[in-house]
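There are 2 protein chains.
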Amino acid sequence: MKSKLRIVPIGGLGEIGKNMTVIEYEDEILIVDAGIMFPENDMLGIDLIIPDYNYIMDKLDKIKAILITHGHEDHVGALSHLMRIVEAPIYATRLTTGLIQGKLREAKILSETTLITIKAGDTIHIGSFTIEPFHVAHSIPDGVGYGITTPVGLIVHTGDYKFDHTPVDGWPPDFAKLAEFSSRNVLCLLADSTNADRPGWTQSESVITDAFDELFREAQGRIIVATFASLISRIQQVANAAVRYNRKLAITGRSMRNNTRIARELGYLDLSENMLIDINQASTLPANEVAILATGSQGEPTAALGRLATGRHARLKIEKGDTVVLSAHPIPGNEEMIYRIINRLLQRGAEVYHEGIANVHVSGHASREEMKLLINLVKPKFFVPVHGEIRHLQAHGKLARELGIPEERIAVVENGTILELDENTLTIGPRIPGGYIFVDGSGVGDIGPVVMRDRERLANSGFFITIVSLDERGQVIDKPEIISRGFVYLEEAEDILEGAVEIVTRTISASGHNQEKLHKKLEGALSRYLYTETGRRPMVYVIVK
Amino acid sequence: MKSKLRIVPIGGLGEIGKNMTVIEYEDEILIVDAGIMFPENDMLGIDLIIPDYNYIMDKLDKIKAILITHGHEDHVGALSHLMRIVEAPIYATRLTTGLIQGKLREAKILSETTLITIKAGDTIHIGSFTIEPFHVAHSIPDGVGYGITTPVGLIVHTGDYKFDHTPVDGWPPDFAKLAEFSSRNVLCLLADSTNADRPGWTQSESVITDAFDELFREAQGRIIVATFASLISRIQQVANAAVRYNRKLAITGRSMRNNTRIARELGYLDLSENMLIDINQASTLPANEVAILATGSQGEPTAALGRLATGRHARLKIEKGDTVVLSAHPIPGNEEMIYRIINRLLQRGAEVYHEGIANVHVSGHASREEMKLLINLVKPKFFVPVHGEIRHLQAHGKLARELGIPEERIAVVENGTILELDENTLTIGPRIPGGYIFVDGSGVGDIGPVVMRDRERLANSGFFITIVSLDERGQVIDKPEIISRGFVYLEEAEDILEGAVEIVTRTISASGHNQEKLHKKLEGALSRYLYTETGRRPMVYVIVK
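Chains A and B, in that order, are what the protein sequence lines are. If you're matching positions, the first sequence starts at 11 in the working numbering and goes up one per residue. If you're matching positions, the second sequence starts at 11 in the working numbering and goes up one per residue.
Check before you lean on any hint, since a few could be wrong.
If chains are identical, the list can't say which one is meant, so a pair holds when it fits in one copy or spans any two.
Unchecked claim - Think about it this way: if two alpha-carbon atoms lie no more than 25 Å apart in a straight line, the pair counts; the simulated DMTMM-like pairs of lysine to aspartate or glutamate are:
1) 14 / 68
2) 382 / 361
3) 330 / 418
4) 555 / 512
5) 555 / 482
6) 531 / 512
7) 408 / 223
8) 555 / 488
9) 118 / 543
Derived from the structure by calculation, the hints contain no laboratory data.
Work out the full structure: start from the sequences and follow the hints.
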């Protein structure tokens, strides 16, 4: 009996899941993408999240290749972690390779990693698999999806895509290849679900051109455009507008400088050297001759735009007459920070344009009509929605049913679910235990629910620690020492401190010679006292010496 | 020379500002509304924010009345604080009075407060002021704005409004009164700016009726509608749909039960007793005979919907076939929590409808075309946009200029700015120092930037406290004790703890007999060590006994 093909989305589906997919046949494994996730607001102190590699940990030697679809963080960001344990080569297109190199160099593992540059239209044989990258349009150039011919059939993975007929780089998606896959019978389609709740057709990147044209024509002062550092096509549009309206271009924000440099070197960004100025010159040239590209479109307080909004940018100050454009869509959870930055920019006298009030951003992902076209072009036997929260996956699954794919051939599953495929059946297997791996500082995975709960409690009410010294007879020596932070403003809370000392003294004398569990008794008494006084529940610890 | 009229928005304008306005002429003060603000995501541990009363603190005896526009928290929520220091009577309409009574009763200050029930159309004389409440449509019934005739002229304050021609309570806004004000020459209009960036005309509350009708017609199982507890008209619509489709109605969530009770008692909610069932019955009646109203539409994890999403609701479980409707608009900052709840409800098998994918919510605030109508109806000499973030105030100010009000007659100002008016001039005065007052537990205003910064640091990296006991010769007695939370998972961080102990021992022997500032030296050494090991910066304290 023939073996089954396994598809395991790892951090590639689910609540906030992006993005790694394991494709496994007998003792050969392909991995598609290795992205990070961004922490939510209540994941306190967490820098980023990487997928839980549990499923592949005892199969590392079976991994034959890592196929990358495009250069966004949620598709390549975990490579600097994954490549410490995996030895297989990475396959990616030229721009994507350039971006990955920078990342691996920073992580000091570039020299140990094999990076193979491919291009859309190639055919690559790896073990039992034949891999055909095909061009897709997305908000970064040189994106591909993959057709993967396996011993049980042809799998198509879209990566992130939109059906943009007029992309800024002039390279529309490869509809013919999708049709050709279809003619060979596609066993299973894995497709991007990000916008599965958006009706219609996502607007072309080109519509931004008109909006920028108007902004650049009207603006009397400097123009500052904030966008994602990886949105190379948007950067190209800003550069084009700057050329048309005789403005020089400065770039502020490390990641945007890096990405721009790589994209220019590799020929994915048409931006001549004499167009570029140093950010210092942005304050000395006449205001109507300056355009500035900045990071921070998601409201990050330490990125360039965030520093401009609070006046903490070292080399640039927002002035009355400046026009600021936020050319990005808020990732859910970032709205509040973005609006705060907008308010602060307005306070400083800037004009501010954003997606909510001007046509300055379009999504990089397909909307529902494009999703329908994809499914009808590819005509897969089985359908697995990927990329997106559960609400998007379910909406995408429903859409596939509306197009006539029977329910039993659609797998709407969460991260870590093992899917098994043969020519005729798709079986939804068990879900591998394991969840997110938090990265905080240099620690990877050393922070779990206990630490997170403690951080939440500390964030809400701080801590209150009392050190009591007793002599041999159990009498208090000196006054108890108290350390407290994040609970009350101590300088103005003398009465609370005195009350706490009194509680300690009283509890100790009440317990007499019975000093067993004295510190627990003290902690209980202090917690009750502090709650009565303030309605707050700080973490209370007592140390008896 | 005649005195000037002062208008001081206090917590009534600005970044997230709502909502209290001081109107002052010589030694008489009126206050319009006394609302709270909700904390943003990074205001850790804060329950709510009240306006800074600094401006009125030395003028308390001049306050003649508090005029309330409607019963929403951001207009009445601070009364339980304000009425502890102010003796003047509160004027409000009948439903609003009912809601305020509940609030003051809970704060145990109801008996000391004078509440005067007024109605739209009344004329009230208070000192030099003549006050004419006029009916407005909003997302809670019985809302009014105020025309206030002062010695320098007529001031119109809209409160929150929309121009809904077909409100659910059948009581459209009083256009005639606005026109009549206009015929008497309006000196200054203060108008709601919340939706100043939304083009067009806000849809009528009535459009929801169709959406609910379709949902109730199609749903096979139970229907759970989450909305604001104060959105009485929405509650009425759910009740109406339940009647039409033969479903009984259960209500879960304390604030919604309270508000529903008050609104029914006062006749603002048409909901017969035999329609209502206990939440326990929602699980025993046939699913298609049950509708449930729930709190938690903003993603609050401890409200009814949040508990349903995580399976922690004591008396109700979400089941496959349930239809959940989020009939509310996310307040910026809440999107992430709302989407998380949606995902979890989907995981439990519910169908979920929300504003993003179905017509189940409309705003309670006027959009730009209504704002234009208001200004052209009222024809004020001076214009002050109120309610909203700076971005909304600025947009509203621009809109007024487009309608022909000269720039010098428009005051777009932040919280605490003193505006002075006479018949011919509007002067923007200084801004009173002071900002938000944080309420945390029972503490009001005892938490400032120091505690907030500490909480942020604790949230990010926790704390690490070491207690070292030295004998008389400065030798370490026993092993140093370490208490740490929110930093690393201690059970698996033995090496770090051992390393820390070693650092302590080494630092102490290196400093020899020089024990001055020993704990500072130790704190520095430990901080450096912990950062090197983990890339994190917990709060580090050392106590030397």
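The hints, checked one at a time:
1. 14 / 68: within (19 Å within a copy, 80 Å between copies)
2. 382 / 361: Between copies, since 22 Å is at most 25 Å while 39 Å is not.
3. 330 / 418: between (60 Å within a copy, 18 Å between copies)
4. 555 / 512: Classified as both; 18 Å inside a copy, 21 Å across copies.
5. 555 / 482: Both. Shortest intra-copy (10 Å) and inter-copy (16 Å) distances satisfy the 25 Å Cα cut-off.
6. 531 / 512: within (14 Å within a copy, 32 Å between copies)
7. 408 / 223: Between copies only: 22 Å across, 39 Å inside.
8. 555 / 488: Both: 12 Å inside a copy, 11 Å across copies.
9. 118 / 543: Close across copies (18 Å), not inside one copy (53 Å); limit 25 Å.
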